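Please build the complex by placing chain L on the supplied structure of chain R, with the hints as guidance.
Number of protein chains: 2
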Amino acid sequence: MPEFRKDPVLKRWVIIATERAKRPHDFVKPKVEEKPAFCPFDYGNEHTTPPEILAFRPADTAPNSPGWWVRVVPNKFGAVNPELKAKKYGLGMFDAMEGFGYHEVIIETPDHNTHLALMDYKQVEEIIWAYKQRYETIAKDSKIQYILIFKNHGRDAGASLQHPHSQLIAIPIVPKRVQEELNGSQEYYGYKERCVFCDIIDQEMQRQERIVEENDSFISIEPFAARFPCETWILPKRHMNCFNDITEKEVKAFAMVLKNTLYRIYKALDNPPYNFMLHTAPVTGEGKTYYHWHLEIVPRLTNVAGFEWGSGFYINPMPPEEATKYLRAVEMP
Amino acid sequence: MPEFRKDPVLKRWVIIATERAKRPHDFVKPKVEEKPAFCPFDYGNEHTTPPEILAFRPADTAPNSPGWWVRVVPNKFGAVNPELKAKKYGLGMFDAMEGFGYHEVIIETPDHNTHLALMDYKQVEEIIWAYKQRYETIAKDSKIQYILIFKNHGRDAGASLQHPHSQLIAIPIVPKRVQEELNGSQEYYGYKERCVFCDIIDQEMQRQERIVEENDSFISIEPFAARFPCETWILPKRHMNCFNDITEKEVKAFAMVLKNTLYRIYKALDNPPYNFMLHTAPVTGEGKTYYHWHLEIVPRLTNVAGFEWGSGFYINPMPPEEATKYLRAVEMP
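Keeping their order, the protein sequence lines are chains R and L. So the first sequence is numbered by the working numbering: it starts at 1 and just counts up by one. So the second sequence is numbered by the working numbering: it starts at 1 and just counts up by one.
No lab work stands behind these hints, which were simulated from the structure alone. Being a predicted model, the structure only gives us computed values, none of them experimental. C-beta: ideal position from N, C-alpha, C; glycine also. A couple of the hints might just be wrong.
Said to hold, decoys possible - Label pairs and their calculated CB-CB ranges: (1) Y191(R) to R194(L): 32 to 38 Å; (2) N45(R) to Y121(L): 51 to 57 Å; (3) R23(L) to Y189(R): 36 to 42 Å.
The shape of chain R in the complex, shown without the other chains (with noise of 0.2 Å):
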């Protein structure tokens, strides 16, 4: 049984997931990457999936047949599970919950050998919409807390299959980094009355110097506080607390943006490794005034990345003024 366990001095929560429970020796790197010869994302092969929840297909298709063109399946090895129950228990000093949730796979097209940065705007939005119609059936579970969306791109970026597919994980819990959010945006519109996520699109919009891509809706910029080379954030402009709140015409511009966005670091890295993640407010609609949704970007360029797993303190050797230059230097198709 997976289980929640939140460690007693940081209040963070992890998932133990037994569900893929694995030995020392399974962690030891293939030497050369070997290409795998069935993949359970492609036409025809439906079936080797659990049924799906959720495809975009022709009306005169079966479910769990070829034709569709998004499809959303849960996750064959789950790092939790719907039939577990959200309740709390003690282990002498320690607290810990069942590993109740949802763990979906958002398979984003049938061709096996693209890329989010490679697909046309259109299949773009069509994955968004995905994104937004599960997110909308899960909220309506009053034990769900949090919704996240997210996306490993890459080996490097903890990818167990290549074909282009993004995830969702429904808790009972708000994610640590997601509530350091909330309260630090909280704390700064306590003090000045505005979104800081507003405030800082403002102030980008003024001195031009770290945004990557912009429409009318939305906008991409290098953060001011990089961590990584090239981390990259996509804000809606207009002050939005849930992702789900988005309009069909901010769809369109989401769409892209992100598509754009990651050309550019497609080509600018030569197709790093990278993870995406939403970082929406709680589905309880805290941070109405003061949270404002976004996408996080972040390159996986490992032998950067040192001891700040321990620390939680960064060190940068890009200042995203350049990553800016770099980016926007790439040649768009």
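For chain L alone, kept in the frame of chain R given last:
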């Protein structure tokens, strides 16, 4: 000039390290690890590092010549610089500070091909004495708030040189993770009037489920809410907030537990890349009653880590009780 920058939402400081500025191309990973022909940390190459700050060497050898068994030098490409000022300034809505601080390298042995896990206890003790001497000296600079001692082992853990070495960064800021530990342990103390780390040690000794190594003065455990497979913490049994308060007898005991623990990790995971970091109180001495120094060891099994960077939310596929069994099963030399 290196610069500290503060994230306005999370209040997390980063160093923008211009001395090691890189262009995007520098991050494209070499496919094969080349064996460098020249190592600045080998005997005979002492003139290629900045002049030594501390060396344990026979009285009849000259500084910056062979004969030493532990040697400390400034980092040639320091992330921070002792020539700068520790003055904060504003940049529009943002906060920054000149990159003042010390960045040193502790060369752990003249032997290029060994590693802490394989050294004899005596050599590990000497390395700990070097940490302590540098700590004591730098702590006298009243502009310094925190002294970080850490090690990156292996390229995937951020080590750019293979020769065994650790590092020290002294900065006018308390790192975020350390501040959070101070806050969390203070809160626990406020409620229980006991040190949370002392309580953890007591409980682990009663339960005997997660102890890896133990002697009179030190214990190493897999933490209850471990983020990573084989994440391991080493704690002094005596309540002590600052590493610098370690006694001569305790240095011996620490060296023994450190070496044995690293040996077990080395064997069980086939010499994995890892980071360790010494978590100790700020040099101001904060946390006398409630904080407890310790060393956190994190093996870097990169295909596991994923979106955790962005969320502070960890999925660990190996329960710490299992990890304990694997580490304890290692046959000791």
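Taking the hints in turn, this is what the structure says about them:
A C-beta distance of roughly 35 Å is found between Y191(R) and R194(L), which places it inside the suggested range of 32 to 38 Å. Separation of N45(R) from Y121(L) is about 55 Å and conforms to the stated range, judged on CB atoms against 51 to 57 Å. The supplied range of 36 to 42 Å is met by R23(L) and Y189(R), whose beta-carbon atoms lie about 38 Å from each other.
Checked against the numbered hints above, the structure violates none of them.
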